[in-house]
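*Asks:* Take a look at the letters that make up each chain.
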Amino acid sequence: MDTALLIEKLVLVVLLFLVSLGIAAYSTYFERKLAAWIQDRVGPDRAGPFGILQPIADGVKMFMKEDFTPKNADRWLFILGPGIAMFTALITSSIVPWGTDLYLFGRTIVLQVADFNIGILFVFGTISIGVYGIMIGGWASNNKYSLYGAIRASSQMISYELAMGISAITIIMMSGSLGLTDIVKSQHGMNWNIFYQPVCFLVFFICALAETNRAPFDLPECESELIGGYHTEYSSMKLGLFLFAEYVSMFVSSAIISILFFGGYNFPGMDHFSGNTLALLSVLVFFAKIFFFIFVIMWIRWTIPRFRFDQLMHLGWKVLIPIAIINLMLTGIVIAFHEGWFLN
Amino acid sequence: MESLTNRKRVVSDKPMTFLEKLYLPAIWGGMFITLKHIFKKNHTIKYPEEQRVFAPVYRGMHVLKRDEEGRENCTACGLCAVACPAEAITMVAEERKKGEEHLYREEKYAASYEINMLRCIFCGLCEEACPKEAVFLTDRIVPTEFDRNDFIYDKSVLVEPINDRIDITKRQNTGKRGVI
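Protein sequence lines correspond, in order, to chains Z and E.
Using our numbering, you'd call the opening residue of the first sequence number 1 and step up by one each time.
Using our numbering, you'd call the opening residue of the second sequence number 1 and step up by one each time.
Simulated from the structure, these hints should not be mistaken for laboratory data.
Since the model is a prediction, treat every value here as computed from it, not as a measurement.
There's no promise every hint is true.
List time: in silico DMTMM-like cross-link candidates among lysine to aspartate or glutamate, alpha-carbon distance up to 20 Å [as the list claims (entries may be wrong)]: (1) E:K40 to Z:E31; (2) E:K46 to Z:D40; (3) Z:K318 to E:E68; (4) E:K132 to E:E68; (5) E:K36 to Z:E31; (6) E:K21 to Z:D40; (7) E:K36 to Z:D40; (8) E:K40 to Z:D40; (9) E:K40 to Z:D45; (10) E:K46 to Z:E339; (11) E:K41 to Z:D310; (12) E:K21 to Z:D58.
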């Protein structure tokens with residue numbers, strides 16, 4: 001491996017880390033602002049102009065708080081929980097293709113940290129590990145509310161990962177590859193998957209909400225019943241990491257949704273540009289799509305009330321999975337027909 | 001039963017149609033409503049810079065009034081303490097000595113007069129009970145403190161300064177209590 005590639009990837013990794021954290025920080029600010037606007041309020045406006053420094057103030061506050069560990073908690077697992085949650089949320093962004101190739105210093109720079117040929121599987125793998133953060137955190141707290149939150153999180157993950165996986169398989173069949181780069185490239189221009197697979201998108205989107213523990217599927221925290229659920233016993237920056245991980249994973253899942261259904265960095269009329277202009281434009285377009293989905297996810301949170309747990313299970317197992325399977329089979333038949341299987 | 005107002009709504013439990021069972025149209029409808037609210041005007045009063053206009057009958061922090069010559073009106077009769085439903089008022093009575101006529105209006109006065117602002121419910125019954133027009137509620141806000149003991153207000157806080165009289169006419173002249 002040559003040094004230039006190493007430096008290039010390192011710069012990309014650091015940049016990605018900072019961007020993920022920055023966007024997550026300002027998601028918290030924007031979420032509060034949006035909630036305020038929807039409820040005809042003003043929202044945070046004290047720290048800096050328009051409250052723009054609010055995330056920094058929140059971060060400082062989180063650090064200054066007492067870091068409390070309950071007496072009967074499992075000490076190491078208690079620390080491990082938020083770490084896993086944050087780690088898995090951040091690492092998923094490593095396989096996201098952020099834009100077309102950039103040409104700098106006579107080199108072709110791929111705007112992607114690692115192009116796995118099994119990208120989708122990697123995404124699902126890390127997301128499933130992400131629930132361990134919540135489970136371990138809830139278990140180690142030695143508190144019944146936390147344990148309930150952890151149980152809910154795990155059972156919710158299991159039931160929604162299936163429908164999510166099946167709808168992802170549908171997209172994989174469409175593009176013929178597991179790699180995210182290939183999936184994006186197959187949607188060149190305006191040839192987005194959403195126009196072919198609207199039902200699949202709907203299933204995937206609902207499952208993504210459930211996977212990131214966002215409302216209306218935020219049963220693991222569920223302030224009114226479980227007093228914060230899995231992070232009831234957490235305080236200081238450990239709590240901060242849990243809350244932050246949710247926003248990071250919201251950012252990443254918005255990116256994944258854009259890649260799978262809305263063409264990633266593709267945009268109509270992209271053939272008129274080339275080289276670095278195209279690269280910059282594609283990154284901008286991709287981030288615009290991501291921000292749009294972050295907005296939609298927040299918008300849903302402040303519109304729809306939380307599900308009851310049995311309704312959640314009913315929706316997952318009896319509605320989404322059958323729809324996903326039927327959609328998968330229909331897609332398979334259409335693709336087979338298209339390939340000419342039934343002609344001879 | 002016969003409806004008199006004609007506003008009665010009959011509740012029906014008819015089975016939901018397919019479109020209703022999908023829930024999606026209803027969810028989109030809800031999201032459209034919240035979207036509309038984003039562009040609506042907010043009604044927030046940004047407190048320290050802006051203050052809500054109090055109603056004229058607002059009942060805030062108490063004042064112990066002096067008369068025109070600057071003598072305290074209170075005679076420590078204890079009627080306010082008896083009237084108080086929250087048991088917030090306490091006082092110690094004292095007899096006026098020779099040479100104190102310029103301080104106290106009558107021959108008995110309150111040596112100490114304390115209101116616990118944490119107990120007070122600002123009902124205004126002390127004001128109604130007072131036969132000497134000594135205690136009144138004003139439109140001032142009780143400030144926040146860090147120590148619970150600091151909420152027990154004594155005479156140094158409650159009695160109005162001679163040179164800086166507290167205006168109580170706004171609340172008193174609402175027409176409900178007759179004009180002073």
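*Asks:* Each hint should be assessed against the structure and marked as holding or not.
*Replies:* Results of checking the hints against the structure:
1. E:K40 to Z:E31: At roughly 17 Å apart (the allowed maximum being 20 Å), Z:E31 and E:K40 satisfy the hint.
2. E:K46 to Z:D40: Measuring from Cα to Cα gives roughly 14 Å; hence the hint holds.
3. Z:K318 to E:E68: 82 Å, violated
4. E:K132 to E:E68: 14 Å, holds
5. E:K36 to Z:E31: Holds, at about 17 Å.
6. E:K21 to Z:D40: 31 Å, violated
7. E:K36 to Z:D40: Since the Cα atoms of E:K36 and Z:D40 sit roughly 10 Å apart, the hinted pair holds (cutoff 20 Å).
8. E:K40 to Z:D40: 7 Å, holds
9. E:K40 to Z:D45: Between E:K40 and Z:D45 the Cα gap is close to 18 Å, so the pair holds against 20 Å.
10. E:K46 to Z:E339: Violated: E:K46 and Z:E339 sit about 65 Å apart, past 20 Å.
11. E:K41 to Z:D310: 38 Å, violated
12. E:K21 to Z:D58: 42 Å, violated
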